[in-house]
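Add chain H to chain B, keeping to what the hints say.
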Amino acid sequence: MKDGSQQRTPIITDKHKEVIWAYVLTLPAFLILLMFHIGPALSSFWYSLTKWNGLTAPEFVGFANFMALMKDGEFLHSVWNTILFVLGAVPLQVILATIFAVLLNMGLKGTGFYRTIYFLPVVTMLIAVGSIFRWLYNSEYGLINYLLGLLHLPQPQWLTDPGLLLFSIIIAEVWHRMGYNLVILLAGLQSIPRSLYEAADIDGASIIQKFFNVTLPLLSPSLFFVIVISLINSFQVFDLIFVMVGEHPSLLNETQSIVYKIYEEGFKFYNMGYAAAQSVVLFLMIFGVTLLQLYYQKKWVHYQ
Amino acid sequence: MRAVPIKSLSVHLVLIIGAIVLMIPFFWMIITSLKTSSEALLIPPTLLPENWQFSNYINVWKESNFVQYYLNTFIVMAVRTGGQFFLCSMAAFAISTMRFPGKNIIFVMMLSVMMFPPQIVMIPVYALMNQINWLDTYYVLTVPMMAGAFGVFLLRQFFLSIPRDLYEAARIDGCSFPRIYWSIYMPLSIPALVSLSIFVILGSWNDFLWPLVMTSSPDMMVLSVAIASFAGEFMTDYPSMMAAALMSVIPLILIYLFFQRYFIEGIALTGVKG
Chain B
1 MKDGSQQRTP
11 IITDKHKEVI
21 WAYVLTLPAF
31 LILLMFHIGP
41 ALSSFWYSLT
51 KWNGLTAPEF
61 VGFANFMALM
71 KDGEFLHSVW
81 NTILFVLGAV
91 PLQVILATIF
101 AVLLNMGLKG
111 TGFYRTIYFL
121 PVVTMLIAVG
131 SIFRWLYNSE
141 YGLINYLLGL
151 LHLPQPQWLT
161 DPGLLLFSII
171 IAEVWHRMGY
181 NLVILLAGLQ
191 SIPRSLYEAA
201 DIDGASIIQK
211 FFNVTLPLLS
221 PSLFFVIVIS
231 LINSFQVFDL
241 IFVMVGEHPS
251 LLNETQSIVY
261 KIYEEGFKFY
271 NMGYAAAQSV
281 VLFLMIFGVT
291 LLQLYYQKKW
301 VHYQ
Chain H
1001 MRAVPIKSLS
1011 VHLVLIIGAI
1021 VLMIPFFWMI
1031 ITSLKTSSEA
1041 LLIPPTLLPE
1051 NWQFSNYINV
1061 WKESNFVQYY
1071 LNTFIVMAVR
1081 TGGQFFLCSM
1091 AAFAISTMRF
1101 PGKNIIFVMM
1111 LSVMMFPPQI
1121 VMIPVYALMN
1131 QINWLDTYYV
1141 LTVPMMAGAF
1151 GVFLLRQFFL
1161 SIPRDLYEAA
1171 RIDGCSFPRI
1181 YWSIYMPLSI
1191 PALVSLSIFV
1201 ILGSWNDFLW
1211 PLVMTSSPDM
1221 MVLSVAIASF
1231 AGEFMTDYPS
1241 MMAAALMSVI
1251 PLILIYLFFQ
1261 RYFIEGIALT
1271 GVKG
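So the sequences go chain by chain: B and H. Numbering-wise (the numbering used here), the first sequence opens with residue 1 and increments by one. Numbering-wise (the numbering used here), the second sequence opens with residue 1001 and increments by one.
One chain only, chain B, in its complex shape (with noise of 0.2 Å):
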């Protein structure tokens, strides 16, 4: 039996190689990954049903979290504002970015510049931004009422009228991340062949009718992507609140998102169960929203 060995060929052949270098190259990202990511992803599906402070075992209780949930005012309060924060802030980052995109691509002198202005607030700390906005926002020395003071119109209580601070903090939102959005679209503009636009020149079409015809149908895969992105950004709402609000408990309610429940919820009460569910329900909003635009991206995306 041993004679029969040794006639073999060399114990690790090419492909054996082949094999080995690739988990070596693979499984650093792999195991952080299913460490950090996919097992603590799921272990919340498990947590969401039992009662548990992070320290002692969890104790299974079957879907009484979400039970509560669904009688949880505060909790369906930050539903309901995450909602209207998503449909206040997705539409109006994306279309401003798409207008500043089309113009921006007209190739006018100074685009580049412009460009590297419309950028900056990008690479601004979104905690900042909500610091100089709440200075802005300001009632009574905020630089914005005095300019709405200057040319006669009301000066809103941008951050303490309930009404309006959920506005409020979208405006700072679309400030932050419109330039974001306006560059994945302008690259996307840029990549649409001149000779289109000359065909339908030939054709005799107007701007609104070559914007709608041809821009916007050779844009759409550029605004599915930024529509999906911003998307799930929005739901994640947490840190303009954070700072544009934490301070005014009595006001967190009106404006309180779901990212802030499941803070305040595990991090501050210690209820890590009930916070738990509260990310399941986060997951399956982003979740079904996201499958809802892959199903109808087929109606309005063109791939070329």
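Just so you know, the hints here were simulated from the structure itself, not pulled from any lab data. Keep in mind it's a predicted model, so treat the numbers as computed, not measured. Treat the hints with care, since some could be wrong.
Covered by chain B, per the in silico footprint, the following chain H stretches (three or more residues, Cβ under 8 Å) [claimed, not checked]: (1) 1053-1063; (2) 1087-1093; (3) 1103-1114; (4) 1120-1134; (5) 1203-1211; (6) 1247-1261.
Simulated DEER-style distance windows between Cβ atoms [unchecked claim]: (7) H:Ile1190 - B:Lys210: 19 to 25 Å; (8) H:Arg1099 - B:His248: 54 to 60 Å; (9) H:Leu1257 - B:Thr160: 32 to 38 Å; (10) H:Glu1233 - B:Phe212: 50 to 56 Å; (11) H:Gly1102 - B:His248: 34 to 40 Å; (12) B:Leu87 - H:Phe1027: 36 to 42 Å; (13) H:Gly1102 - B:Ala205: 49 to 55 Å; (14) B:Phe45 - H:Arg1179: 39 to 45 Å; (15) B:Phe269 - H:Ser1161: 46 to 52 Å; (16) H:Ile1190 - B:Phe269: 43 to 49 Å; (17) B:Lys299 - H:Val1021: 32 to 38 Å; (18) H:Leu1166 - B:Pro217: 53 to 59 Å; (19) H:Leu1111 - B:Leu87: 41 to 47 Å.
A few chain B residues facing chain H, derived, Cβ under 10 Å [stated by the list, open to error]: (20) Glu18; (21) Ile20; (22) Leu27; (23) Pro28; (24) Leu96; (25) Ala128; (26) Leu143; (27) Pro162; (28) Asn181.
Note that the Cβ used here is the ideal one computed from N, Cα and C, for glycine as well.
For chain H alone, coordinates are given in the frame of chain B:
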């Protein structure tokens, strides 16, 4: 014939208004940071400070530990970016070029991470970190983000566009796998690697909730957490708050202004390949 200049003039006008609106918060942050706290509350506000209070910066610097915040933020950023640069590209190389059992499962599992918002992993990770005593250390701020699903996906897309012939030819010449990875695929993928790095740098710089939850001691504070705590502390001392805000945003803004082509092309590429 005059229609064209008027049209481009009106476009310029819109673009300039947009630029001014975007610049006002920066301008006002800088101006306010150089006023005395009583001047900041003047109505009507002064457009330029009456006497420039550079001392605001000195006070903020003295009252807090900015050196430590800068250091922490840069360490976290560098380790995350370096980690993703190497680990994501290694994994992407194997997945896009090599044959090995379990490849598809591993890739799909990695991609699934993109579906999960970071908040869903936060609670179990917190408990895990608590058990292994990693809370309030650099490990918790860096190790989980040293690999990312997006990075693997982006680089895989890029690697797939590199002609397979190069790989085959190198194999025939007896080139080892790590050599092919390092000497052929990496140099050919610089745009994608820059893109990933910018993406990670931006994410790391802005990261707030994770360090807020996972660290607690002042020595572990990153800039975002420090600024948030200032915003609570300085409440009405707006000049100090603006000075602190400026100090926290200026490093990345400078880096951006020096390397802006990479930032803009990098982010644009995430849209094309993502």
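Comparing the hints with the structure gives:
1. 1053-1063: Contact hint for the stretch 1053-1063 of chain H vs chain B: violated, 0 residues under 8 Å.
2. 1087-1093: holds (count 5)
3. 1103-1114: holds (count 6)
4. 1120-1134: With 10 residues closer than 8 Å to chain B, the stretch 1120-1134 of chain H meets the three-residue bar; holds.
5. 1203-1211: This one holds; 4 residues, not fewer than the three required, reach chain B with a Cβ under 8 Å.
6. 1247-1261: With 8 residues close enough to chain B, the hint holds.
7. H:Ile1190 - B:Lys210: 19 to 25 Å: Once the Cβ atoms are compared, 36 Å apart, the range 19 to 25 Å for Lys210 (chain B) and Ile1190 (chain H) is violated.
8. H:Arg1099 - B:His248: 54 to 60 Å: 59 Å, holds
9. H:Leu1257 - B:Thr160: 32 to 38 Å: 36 Å, holds
10. H:Glu1233 - B:Phe212: 50 to 56 Å: 52 Å, holds
11. H:Gly1102 - B:His248: 34 to 40 Å: 52 Å, violated
12. B:Leu87 - H:Phe1027: 36 to 42 Å: 31 Å, violated
13. H:Gly1102 - B:Ala205: 49 to 55 Å: 53 Å, holds
14. B:Phe45 - H:Arg1179: 39 to 45 Å: 43 Å, holds
15. B:Phe269 - H:Ser1161: 46 to 52 Å: The hint (46 to 52 Å, Cβ to Cβ) holds, given that Phe269 (chain B) and Ser1161 (chain H) are roughly 50 Å apart.
16. H:Ile1190 - B:Phe269: 43 to 49 Å: For Phe269 (chain B) against Ile1190 (chain H), whose Cβ atoms are near 48 Å apart, the range 43 to 49 Å holds.
17. B:Lys299 - H:Val1021: 32 to 38 Å: At 34 Å between Cβs, range holds.
18. H:Leu1166 - B:Pro217: 53 to 59 Å: At 35 Å between Cβs, range violated.
19. H:Leu1111 - B:Leu87: 41 to 47 Å: Violated - the Cβ-Cβ distance for Leu1111 (chain H) and Leu87 (chain B), about 28 Å, lies outside 41 to 47 Å.
20. Glu18: 6 Å, holds
21. Ile20: Holds, about 9 Å.
22. Leu27: Holds: closest Cβ of chain H sits about 8 Å from Leu27 (chain B), inside 10 Å.
23. Pro28: Holds - the Cβ of Pro28 (chain B) comes within 10 Å of chain H, reaching about 5 Å at its closest.
24. Leu96: 8 Å, holds
25. Ala128: 4 Å, holds
26. Leu143: 5 Å, holds
27. Pro162: 20 Å, violated
28. Asn181: 9 Å, holds
In this structure, the hints that do not hold are numbers 1, 7, 11, 12, 18, 19 and 27, in rising order.
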